[in-house]
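Visitor: The chain contents come next:
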Amino acid sequence: MTATTNRGVERLHAAFARAKAEGRAAFIPFMVAGYPSYAKFPEVAAELLSRADIMEVGLPYSDPLGDGPTIQRASEQALAGGTSTRVTIELVKKLRQTHDTPIVIMTYVNPIYAVGPEQFMQLAADAGVDGLILPDLPPDQDIEIAKLAAQYGLAVTFLIAPTSTPERVKLVAEACTGFLYAVSVIGITGTREGSAMSEVPRMLELARQYARVPVVVGFGVKDAQTAAQVAQVADGVVVGSAFINAVRDGQDAGALADAIRMGCQK
Amino acid sequence: MSLSIADFPLPDARGRFGRYGGRYVPETLIPALDELEQAYQVAKKDPEFLKELDYLLRDYVGRPSTLYFAQRLTEYAGGAKIYLKREDQNFTGAHKINNCLAQALLARRMGKKKVLAETGAGQHGVASATAAALLGLECVVYMGEEDMRRQALNVFRMRLLGAEVRPVTSGTGTLKDATNEAIRDWVTHVRDTFYILGSVVGPHPYPAMVRDFQSIIGVEVKAQMLAQEGREIPDAIVACVGGGSNAIGIFAPFAYLPPEQRPRLIGTEAAGEGVETGKHAASVAGGRVGVLHGSLMYLMNDDEGQIVAPHSISAGLDYPGIGPEHCYYADSGIAEYVPVTDAQALEAFQLLTRLEGLIPAIESAHAVYHGVKLAGQLKPEQIVVINLSGRGDKDVAEVMRLLEMQRSDEEGGGDSVETQTPAPKMHSEALA
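If you're matching them up, the sequences are chains S and D in order.
Number 58 in this note's numbering belongs to position 63 of the first sequence; there are no gaps in the numbering.
Number 309 in this note's numbering belongs to position 307 of the second sequence; there are no gaps in the numbering.
Please note that the accuracy of each hint is not assured.
Distance ranges between label pairs, derived from CB positions [stated by the list, open to error]: (1) D/Glu39 with S/Tyr33: 41 to 47 angstroms; (2) S/Gln260 with D/Glu39: 42 to 48 angstroms; (3) D/Glu39 with S/Gln227: 49 to 55 angstroms; (4) D/Glu147 with S/Lys15: 44 to 50 angstroms.
Worth flagging that the hints you see were computed from the coordinates, not collected in a lab.
Every residue, glycine too, gets a C-beta built ideally from N, C-alpha and C.
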């Protein structure tokens, strides 16, 4: 059944509003579904969910063009363990039973096409997914996806980058219903040292001219310090590869999440 | 006669061939693709650019390649006349250099100092490294770790040419992963790097641009047909298809003719061990529509959208997708796509070698197989052109290994490779 409300959009915007009221940028941790294994994922995700304003779950994909080695390897491991498209949605459904925190799925477009866009939206909406982040789908490539998502009450998020021209920022920002995602660096996820955030203020200024939704920043945020830099200008901070590295190395992902959440303080 | 680059009716302004193609890439790349598109549109009409490309294609590559009448192969097939478009004559041994030189010239024109390329067997990597050496550009080639082991000689050749070859271990460690890695590098260094894509795949404008640079093959065929046979248009053209650049190069100048003038255009896909076994690389015959490397196309993926590892005897056809213009041709009936198995390609490889003294690339042997079969069904006054996209020196060691395996499978049949004399017959069941 088609949703009659903007459920996902409203829930996401409420989460941003709550964080703002507490003087923070929203903390948005990311984890690949089915990582480090199908069995252990719910526990890892729960650690992050209990500290998150919004949780981003990555749908493992065989050919993640926009991702660096950390998320590539995690995705391969998840796929090898049997977590593909439908299982990812099932895993979110299970998390939903114990957590009310908004959850968005980050997915490349091919799994949506393979399942069938309408069926994918139906499955995601039924599982309690609030929105989608689409890293390889510039909105002008298939605007039907966004319309379909809206019909099922799912928010959509597209990305801008430091290379984006004002025309592109306008086009992308206007297509977003959940939040706009600004990529902090020219590059892929999970890398970068030092001056990674130098392009962020200018990009955010541009984004604010067009975005009617909250603007988050991701790529290269790995600790409380980088989170604090981003939190000065953004409505939300996305952290992904750092948590995967922590889980891989047997470190305390919850403690890292606590630290980064503190860093999100304005 | 000076070079010009033909205008084709597709893609449309959005980079689509019908529904196929497009730009499914991270937003970071969109401005770079716009910049590339604009630079290319200006370059293709610039007499200076065309003059330099023309000079290199003639004096460096050795173009035009000949349209060679294969008399003994024609007699063997017993039907239509068979001509071979001899892209194997090109410097570096295949059609790949046509595109690499043009893109490297464009890179230099755009002020980029460094070029990136992906490669499977190494043909496109060697051609890119060659063009980069010639034009004084820094060159990085991504190659699957497994492919590097199998093609050690090409790796050394690229290094001799001054290129850095970076092993790719992600995914399946083959061509599709090398392409992912090249795109990731480009995303990261987009402001000062040029990506030389090797086939008619990837985000717009690559499928159109690579098509344009390869269409010199078909344009030459028209002129050569007229000179040698008194008519521009043969009855059929056969070419092998992985991503599909040699096939588009020979098809495109004929593809948009009115249907009654258009020759039959037939792309041979690598059927590996057979489409029904799942071990193949036949995206039209055994795949479905999805997105890979920035383009909507037929591709091999499972019902959850994960890309499936392809299989083919030929590294050059071992790609899980097929270029968007081919997808459009397939849907609209402009071209047909037929599967040819590893075993059939191996037969054709030996057949052409024995009958004409031409050792074809194992990729091209897929086209030879179907071209011979088709010629046998046509009349003597008809003409089939087969695109001999590359030479087979690179495949000799692998073919030797496979034939020795085959021989030991046939269990003490007595014939050694050395003593076989008759040209191998193409199996009748395979011809059925």
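Visitor: Checked against the structure, which of the hints given earlier come out wrong?
Guide: Result: hint 3 breaks, nothing else.
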